[in-house]
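Required output: the full structure, derived from the provided sequences and hints.
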Amino acid sequence: MSRVDIRTASVQGECKLMCPENEIRLREREGLLHPFEILQATAENPRRPKADRSKMVKEYSRPAAGRTEPKPNQLRPSNVLIQTAHYLINSILTKTDVHWSHVYDFVFDRLRAVRQDMVIQQIGGLDAITLLEICVRFHLLAGYKLCKESISVFDPKINATHTQECLKRLLTLYSFEDRPCAHRTEFESLYLLYNLGNTEAMMHTLSLPHDIRCSRCVQHSFKFTQLYLEKNYVRLFRQTKVMSGLELCAAHRHLLHVQSQAIQTMCVAYSSKSLKYPLGKLTVLLGFNCDAEVCSGYEKWGLNIKGGMVCFQKDKLKPQDKDEVMQFKFIESKLKEQSLQDLITSQHQKIVDGKSIAEER
Amino acid sequence: MAHISLNQFLQQVEDAINNRDGGTLGELLSFKDPHIASPRLQLESPEAQCERWFEQPWDELLAAHLRCTWAVSNHDFIEAYGCQTVVTQAFTKLFQSQKDENWSLPIMFSVCLDLRLFANSADIQLSRKGRGKPGETLEKAADLLMGCFRVCASDNRAAPEDSKKWGMLNLVNQLFKIYFKINKLHLCKPLIRAIDSLPIREKFSLSQLITYRYYVGRKAMFDSDFKGAEEYLTFAFQRCHSSSRKNKRLILIYLLPVKMLLGHMPKVELLRKYELMQFADVAKAVSTGNLLKLNEALEQHEAFFIKCGVYLILEKLKIITYRNLFKKVYLIQKTHQLPVESFVTVLKMMEVEDVDSDEAQCILANLIFEGKIKGYISHQHQKLVVSKQNPFPLLSSIL
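If you're matching them up, the sequences are chains A and B in order. Note that my numbering has the first sequence beginning at 6, numbered continuously upward. Note that my numbering has the second sequence beginning at 1206, numbered continuously upward.
It is possible that some hints are incorrect.
[To be verified] From the structure, some residues in chain B lie toward chain A, with a derived Cβ separation under 10 Å:
| # | residue |
| --- | --- |
| 1 | 1329 |
| 2 | 1505 |
| 3 | 1506 |
| 4 | 1507 |
| 5 | 1514 |
| 6 | 1516 |
| 7 | 1517 |
| 8 | 1561 |
| 9 | 1567 |
| 10 | 1572 |
| 11 | 1575 |
Since the hints were derived computationally from the structure, they do not count as laboratory data. Yeah, the Cβ is synthetic: ideal placement off N, Cα and C, and Gly gets one too.
Quick look at the structure:
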């Protein structure tokens, strides 16, 4: 007689380091250390680098059928996982001596391993929430920072999948958590912005508890979504000025679509053989970085720009399939207001002697 | 029936099987039937007895059904769902082996309905315990229903009266209910295609056709195919019997926003008859182009509209309201060259905060782009120049 699976008690981790002993030994022996994990002094000798135990972080490993369950000494309990996440953010993310895509690859993999440990041990509650909040912020920031890189360096689709996965899991945890979650409104807002215009996300927001739904940031993001659906590009770009850096990262990929849609709309609405529209105004209205950007982006669509004036003609515009990826000055300047670490950990927790202390806001 | 013994029950089942009496079996295996209340059938492990009476897969099917009645008597819907999956799987095996006959269809209807209802209850019980993802069990149930669906859909050889295809619409309606509940509307598309390509698609029972059109109409709304939605939902509303008040009202809740988007405002008598006066304020605001009143109406009845799932569709009425508002400006000013400033003024009257010429032009631009205004904007002259002929075409002719 088949039965619905009943969850058995899950294994509890006992590994006190960021990386289990056996993995440290194995990877050191087999020469599988990551450059970020190598003892500096031995870095000169590429054939036998030694592990720097304070820098070793457990790798992500694909779960395989037939593999045995990990033992307790291979799994890290939640306090160690939080420590690990903070190490990655404070010490790795801030590296300036390497291309940031290498930083991304390492942190992505190691955070994925953190999430894996969480799932195996069925860690939930506030610890899981803290960890996932860090993961979401990381993926959102990375998605923006690396958006212009080639696909061999950064795959936006994979990053997007993980962003969404972490976000959805986080929101589910919030819904089951009775204790107050300081950042819930922030992440409900980020979810809406990341999935701008998506009906399911909007319906989710509408069914949130009253105090969350009526919070300032959720209201703002919901309004932003409405502006997006109404195609009110003027008010939408105006609103970007009061959004946080992370919110802008979340909405970023949709902003490009708003721009191209607006240009297509204006081409029809202002269509005339003789009348002109000032380029400078268009640049400001649609959040472009400069006049030249409009030219480089849209002249290939057939947009007629001469002497600082745009001549919109509906039959001349030939929209192309792919929106070109751009970074926005106004997002850059928002992001610069805080350090990367502060952005991701939201200045709320500091590591002191291996213990995390929540700061009073 | 509520005190029926195991042997009596199994005898009835055996007789029905031998007589190919799908109708009776459908009742005997349904949780609407009084037999499920009999404590003598609520057995935790009835396998041995069932094996004595029946061969595979009937023994498995009945044992699971009896165990299910036991689970239900304990209010354990997670267990009940598990049992019902065994029933469904055993039935599917059975069903597939029956060539050129469809007398088992009533059994399929009962089994699948109960599967869906248990899945629903199981999801509720699971989420209360903080386990599993929302809608997880329903999604699994959908997979099993698709298994039955495939058996029906691939029945190409049987004569029309023996064809299993007659079971398709019932299953599709069940699947619609699940997909709407778990918000996976895109999964409806292949089912709609399958039904629409059936030669017998108009010959199903009226109640099934109404349910089908209702869901297809709602899906069309979701896809912004408002003309299609109007067609399907109107069929459902008109053909639904006037005594099914609740159903008619439900259909109307979705039909009203669609018709309003097409420019047809409902009569107040209709709204009063079906107790849907919440739509009255909305309709009046839209038709008079009163943006302020529309926002007020949406806010006032927000909870109701959200609960019915029409809040987001009603928001689309804003565009229609802008169009009606701006048409008034045109009618008042009686000129084809309308200053943008007039539109800014009228938006300010509607209490739109911080509205300026750029935003007014943006709204106008969108209306022009969507064909709701025929004309163009001159930024240099800060004017909207409209066509001399029918500058505000009828909404129903555009969408």
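ask   = Does the interface hint hold: is residue 1514 of chain B within less than 10 Å of chain A, judged Cβ to Cβ?
value = holds, 7 Å
ask   = Taking the least C-beta to C-beta distance, is residue 1505 of chain B closer than 10 Å to chain A?
value = violated, 16 Å
message = Given a cut of 10 Å on the nearest C-beta pair, is the interface hint for residue 1567 of chain B held or broken against chain A?
response = holds, 4 Å
query = At a threshold of 10 Å, is the proposed contact between residue 1517 of chain B and chain A supported by beta-carbon distances?
reply = holds, 6 Å
query = Does residue 1329 of chain B pass the interface hint, meaning its C-beta sits closer than 10 Å to a C-beta of chain A?
reply = Interface hint status for residue 1329 of chain B: violated (14 Å vs cutoff 10 Å).
ask   = Regarding the hint that residue 1506 of chain B lies at the interface with chain A, is the smallest CB-CB distance below 10 Å?
value = violated, 13 Å
ask   = Does residue 1572 of chain B meet its interface restraint, that is, does its C-beta lie within less than 10 Å of any C-beta in chain A?
value = holds, 8 Å
message = For the restraint on residue 1575 of chain B, tell me whether the closest CB of chain A is nearer than 10 Å.
response = Check passed: Cβ of residue 1575 of chain B comes within 9 Å of chain A, closer than 10 Å.
ask   = Can residue 1516 of chain B be said to touch chain A, with a Cβ gap under 10 Å?
value = holds, 6 Å
inquiry  = Does residue 1561 of chain B hold up as a contact with chain A if the rule is Cβ-Cβ below 10 Å?
reply    = holds, 8 Å
key: Interface hint status, residue 1507 of chain B versus chain A (Cβ within 10 Å)   = holds, 8 Å
Hints 1, 2, 3, counting from the list given before, are not met by this structure.
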